[in-house]
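Enquirer: Following the hints, complete the assembly by docking chain B onto the known chain G.
From first to last, the protein sequence lines are chains G and B. One point on numbering: in the numbering used here, the residue at position 184 of the first sequence is 184, and numbering is uninterrupted. One point on numbering: in the numbering used here, the residue at position 156 of the second sequence is 156, and numbering is uninterrupted.
Derived from the structure by calculation, the hints contain no laboratory data. It cannot be assumed that every hint is accurate.
Because identical chains cannot be distinguished in the list, a pair is counted as satisfied if it fits within a single copy or across any two copies.
Said to hold, decoys possible - With a Cα cut of at most 25 angstroms, we get these calculated DSS-like pairs of lysine-lysine:
{"id": "1", "residue 1": "K376", "residue 2": "K31"}
{"id": "2", "residue 1": "K391", "residue 2": "K177"}
{"id": "3", "residue 1": "K214", "residue 2": "K236"}
{"id": "4", "residue 1": "K459", "residue 2": "K31"}
{"id": "5", "residue 1": "K414", "residue 2": "K30"}
{"id": "6", "residue 1": "K177", "residue 2": "K30"}
{"id": "7", "residue 1": "K4", "residue 2": "K335"}
{"id": "8", "residue 1": "K76", "residue 2": "K93"}
{"id": "9", "residue 1": "K31", "residue 2": "K21"}
{"id": "10", "residue 1": "K436", "residue 2": "K377"}
{"id": "11", "residue 1": "K255", "residue 2": "K199"}
It should be emphasised that the depicted structure is a prediction, and the values quoted were computed from it without experimental measurement.
Letter by letter, the chains look like this.
There are 2 protein chains.
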Amino acid sequence: MAKKPSIPKGTRDFSPAEVAKRNYIIQTIKKHFETYGFQPIETPSFENSETLMGKYGDEGDRLIFKILNSGDFISKVDDVTYSSKDSASLTPKISEKALRYDLTVPFARYVVMHQNEIDFPFKRYQIQPVWRADRPQKGRFREFYQCDADVVGANSLLQEVEFVQLYDAVFTDLGLKGAIIKINNRKILSGIAEVIGAKDLLVDFTVALDKLDKIGEEKVKTEMMEKGISEDAIAKAQPLFDMRGTASEQLEKLKTILADSEVGMLGISELEEIISTVDMVGLQSASLQLDVTLARGLNYYTGAIFEVAAPEGVKMGSIGGGGRYDDLTGIFGLKDVSGVGISFGLDRIYLVLEELNLFPDSLDSSLDVLCLNFGKKEGMAALKLVFGLRKHGLRADLYPTDTKVQKQFKYADKRGVPYVILLGEQELTNDKFVAKNMKTGDQKDYPLDSLEEFAEKVKSDF
Amino acid sequence: MAKKPSIPKGTRDFSPAEVAKRNYIIQTIKKHFETYGFQPIETPSFENSETLMGKYGDEGDRLIFKILNSGDFISKVDDVTYSSKDSASLTPKISEKALRYDLTVPFARYVVMHQNEIDFPFKRYQIQPVWRADRPQKGRFREFYQCDADVVGANSLLQEVEFVQLYDAVFTDLGLKGAIIKINNRKILSGIAEVIGAKDLLVDFTVALDKLDKIGEEKVKTEMMEKGISEDAIAKAQPLFDMRGTASEQLEKLKTILADSEVGMLGISELEEIISTVDMVGLQSASLQLDVTLARGLNYYTGAIFEVAAPEGVKMGSIGGGGRYDDLTGIFGLKDVSGVGISFGLDRIYLVLEELNLFPDSLDSSLDVLCLNFGKKEGMAALKLVFGLRKHGLRADLYPTDTKVQKQFKYADKRGVPYVILLGEQELTNDKFVAKNMKTGDQKDYPLDSLEEFAEKVKSDF
Numbered sequence: 001m002a003k004k005p006s007i008p009k010g011t012r013d014f015s016p017a018e019v020a021k022r023n024y025i026i027q028t029i030k031k032h033f034e035t036y037g038f039q040p041i042e043t044p045s046f047e048n049s050e051t052l053m054g055k056y057g058d059e060g061d062r063l064i065f066k067i068l069n070s071g072d073f074i075s076k077v078d079d080v081t082y083s084s085k086d087s088a089s090l091t092p093k094i095s096e097k098a099l100r101y102d103l104t105v106p107f108a109r110y111v112v113m114h115q116n117e118i119d120f121p122f123k124r125y126q127i128q129p130v131w132r133a134d135r136p137q138k139g140r141f142r143e144f145y146q147c148d149a150d151v152v153g154a155n156s157l158l159q160e161v162e163f164v165q166l167y168d169a170v171f172t173d174l175g176l177k178g179a180i181i182k183i184n185n186r187k188i189l190s191g192i193a194e195v196i197g198a199k200d201l202l203v204d205f206t207v208a209l210d211k212l213d214k215i216g217e218e219k220v221k222t223e224m225m226e227k228g229i230s231e232d233a234i235a236k237a238q239p240l241f242d243m244r245g246t247a248s249e250q251l252e253k254l255k256t257i258l259a260d261s262e263v264g265m266l267g268i269s270e271l272e273e274i275i276s277t278v279d280m281v282g283l284q285s286a287s288l289q290l291d292v293t294l295a296r297g298l299n300y301y302t303g304a305i306f307e308v309a310a311p312e313g314v315k316m317g318s319i320g321g322g323g324r325y326d327d328l329t330g331i332f333g334l335k336d337v338s339g340v341g342i343s344f345g346l347d348r349i350y351l352v353l354e355e356l357n358l359f360p361d362s363l364d365s366s367l368d369v370l371c372l373n374f375g376k377k378e379g380m381a382a383l384k385l386v387f388g389l390r391k392h393g394l395r396a397d398l399y400p401t402d403t404k405v406q407k408q409f410k411y412a413d414k415r416g417v418p419y420v421i422l423l424g425e426q427e428l429t430n431d432k433f434v435a436k437n438m439k440t441g442d443q444k445d446y447p448l449d450s451l452e453e454f455a456e457k458v459k460s461d462f
Numbered sequence: 001m002a003k004k005p006s007i008p009k010g011t012r013d014f015s016p017a018e019v020a021k022r023n024y025i026i027q028t029i030k031k032h033f034e035t036y037g038f039q040p041i042e043t044p045s046f047e048n049s050e051t052l053m054g055k056y057g058d059e060g061d062r063l064i065f066k067i068l069n070s071g072d073f074i075s076k077v078d079d080v081t082y083s084s085k086d087s088a089s090l091t092p093k094i095s096e097k098a099l100r101y102d103l104t105v106p107f108a109r110y111v112v113m114h115q116n117e118i119d120f121p122f123k124r125y126q127i128q129p130v131w132r133a134d135r136p137q138k139g140r141f142r143e144f145y146q147c148d149a150d151v152v153g154a155n156s157l158l159q160e161v162e163f164v165q166l167y168d169a170v171f172t173d174l175g176l177k178g179a180i181i182k183i184n185n186r187k188i189l190s191g192i193a194e195v196i197g198a199k200d201l202l203v204d205f206t207v208a209l210d211k212l213d214k215i216g217e218e219k220v221k222t223e224m225m226e227k228g229i230s231e232d233a234i235a236k237a238q239p240l241f242d243m244r245g246t247a248s249e250q251l252e253k254l255k256t257i258l259a260d261s262e263v264g265m266l267g268i269s270e271l272e273e274i275i276s277t278v279d280m281v282g283l284q285s286a287s288l289q290l291d292v293t294l295a296r297g298l299n300y301y302t303g304a305i306f307e308v309a310a311p312e313g314v315k316m317g318s319i320g321g322g323g324r325y326d327d328l329t330g331i332f333g334l335k336d337v338s339g340v341g342i343s344f345g346l347d348r349i350y351l352v353l354e355e356l357n358l359f360p361d362s363l364d365s366s367l368d369v370l371c372l373n374f375g376k377k378e379g380m381a382a383l384k385l386v387f388g389l390r391k392h393g394l395r396a397d398l399y400p401t402d403t404k405v406q407k408q409f410k411y412a413d414k415r416g417v418p419y420v421i422l423l424g425e426q427e428l429t430n431d432k433f434v435a436k437n438m439k440t441g442d443q444k445d446y447p448l449d450s451l452e453e454f455a456e457k458v459k460s461d462f
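Excised from the complex, chain G in its bound form (with noise of 0.2 angstroms):
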């Protein structure tokens, strides 16, 4: 007989209940995205493969789910191919399409061919599903959703600035309070590199540096000496080794550091302008903290980088990341656009609320009355009350069938409904009915000509 249904790993079903927590993030999210006049786009789920392939390394072309060609795919396949048996040659000639891997490319392709209807500068978010073929494990699923905001066309550092708001401003109205939004500059990665002769090592050395607060100054050295790097560039880097205290104080030890370095001296004179900008404009729950250390792995980054920390006390990885790049949608043949954009990562949010049991309890409850069925008679009366509570805008159900009372009662618990409604041969015969307040247990009549008084008692208790 039918096999037991499942779902391919890596892949969620969300019920419910999840998809209304879930939802409750995405719509706060998408609230302030809007506030900071940012405009939904939406792209295909796939993309044509050239579009994607080679935009994010070798790691990334293997982990991008591709698609089969539709019909008689060998066909097309030519016989010095087919025979070599090899996937990756037969790959391109099965295969042209393939789901994207995340919101980035696919924006800087639409903004590359829809270039002549946008108005620059445009502030776009996008809130889609994105899928990678990555080994699941926890907290990391083949499909998922990525909630990003950019803004292209503008180089000026306002837009940085707005960012660390946005990002403030999100996790205040989720609740999540003490945020760490950490911030650094390529420029000041590529003016240490320069500055310690090792441009070629900058990946290394960062990787490395990356490790302080975990094993420590002497096994970090020891690393970077491995990779390479001389014990003379180490030595000229120490107060890299010692950056504590404030921003600014932070800032003075870089700008003796990189002193020789140009790009170096401009990286610090942007953070400290978006810096002192966020300052006098004020954060309400979350902190700016100079992160010299923070690297984020996509190249494509040319000026300030986040990443956002959940509160103190939380273990989780970053729940949101963003920076400045220069040239993306150079890939696709259009120069000169300046971009900075952030994400928000759904998923670790989700997982932060929940620890911190952070979300909203009207959310546990999806229906706010239940109306009971006492059969055929009642039930028309019934319904034709449900239709009018509907209109006032309550989520009204009646339970389909006059089964007994207490299965119906029952069904009204597990789905949480705070108000359910009797209405039986005497509450008809008098024109009323019976509103029962499921935590109290108090009851109380309502003439059935009063709907709206009623509907508003029920709204109020929200």
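Expert: Positioned in the frame of chain G, the structure of chain B alone reads:
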């Protein structure tokens, strides 16, 4: 250099203006789904191939997008299959997952997998994209949204009544007056097949009957005879050709035709109950019309079937449809769960609203206020001002650079911003700002500390 980018045929980018309109429809549908007690679920974009294959007929199987296995997929194909070089035999060896083709089969799979967590009757809605490798044409895409609501575990006809009310509520709210909800019952079609002695020819019979409006009675009869339906059978069905009049008049005629068919008479009594109950509760702007020629393609329907036509005068295929199915979850091993559901056709509803000019004007503006940028010092004050306006819930933006005022105004125009704020040196000195109404050209001064007053003014204009 970089090739001009494109997107796969049959897919679409949605601009901010289009997303706003699509979201307006989706939010309206969602609101009513929720007041009618439906709860949202979400399922993965791709399912295991075995979940989808064989559920939509041969044609459906062909149109399902298959996902190529990751890694060295070819090495797992046995030599016999590989040497056959046959697409059909190779596909299951190199692809284990597929993009969902509709929301109904994934929903059935969900119900079976989660049957122990679900409180029946389970009213769920689901608004997600589906994918079909169909030949793209006007109004038909390879990626499109379905908006479905279903109830499973309740066989009361009240469900059918509620779905008619739900269609009416949504279309009324969208301003689409005069939608025609056509109803029929599969049992009546079965009854007809019985009576004319041609159970096997039911499909041919209904396909031909369906053309009555277009090609006329004689040609329909000719087609029926060509398909092998006897003259005698056609004569018996004669009253079907004269099915004019009110629903109850039509039902009376059907009672004569179907007197000897138990299933047919059951279908009639179901329809009578649904139609009379809808009459009793009343509809707001749609009408319910019996259409005995309505058949609907999907084989899993067993009771009432629905199809919604746009108001008269609008040329458009059906904008919604659905029906009762008695054993959908049976394909995954859960027997005897009756369900009924409807779907809204987002893309077609969009086209109808566009044609009738029914989208609200408020959707045209994505920004309430644009604050012009007059330089460093003024920009800082403007940043604070904009921050304050956003906290009051306005969608507000500061132009990122102090470029020419004319250019900034042009940008405001293009984004359809109703208010532009001027905060220059003089205003700053006087602790005030100037708000210009872009429609009327009126300008008004506000003190910098009376943001709330201004925010209320802007909101009251909506």
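Enquirer: Are the hints correct? Go through all of them and say.
Expert: Going through the hints against the structure:
1. Taking CA atoms no more than 25 angstroms apart as the test, K376 paired with K31 passes in neither setting, with 45 angstroms inside one copy and 28 angstroms between copies.
2. Within a single copy, K391 and K177 get their C-alpha atoms only as close as 38 angstroms, which misses the 25 angstroms cut-off; across copies the closest is 17 angstroms, which meets it.
3. Taking CA atoms no more than 25 angstroms apart as the test, K214 paired with K236 passes inside one copy only; the shortest distance there is 22 angstroms, against 86 angstroms between copies.
4. For the homomeric pair K459 and K31, the shortest alpha-carbon distances inside one copy (22 angstroms) and between copies (15 angstroms) are both at most 25 angstroms.
5. For a Cα distance limit of 25 angstroms, the shortest separation of K414 from K30 across copies, 22 angstroms, qualifies, whereas the shortest one inside one copy, 31 angstroms, does not.
6. For the identical chains of this complex, K177 and K30 are intra-copy neighbours only, at 19 angstroms inside a copy versus 31 angstroms across copies, given an alpha-carbon limit of 25 angstroms.
7. Taking identical chains as interchangeable, the C-alpha atoms of K4 and K335 lie at most 25 angstroms apart only when they sit on different chains, with a minimum of 13 angstroms there against 53 angstroms within one chain.
8. Proximity of K76 to K93 under the C-alpha cut-off of 25 angstroms is found in both arrangements, the shortest distances being 7 angstroms within a copy and 18 angstroms between copies.
9. For the homomeric pair K31 and K21, the shortest alpha-carbon distances inside one copy (15 angstroms) and between copies (17 angstroms) are both at most 25 angstroms.
10. For the homomeric pair K436 and K377, the shortest alpha-carbon distance inside one copy (21 angstroms) is at most 25 angstroms, but the shortest distance between copies (60 angstroms) is not.
11. In this assembly of identical chains, K255 and K199 lie within 25 angstroms of each other by CA distance solely inside one copy; the values are 19 angstroms within and 88 angstroms between copies.
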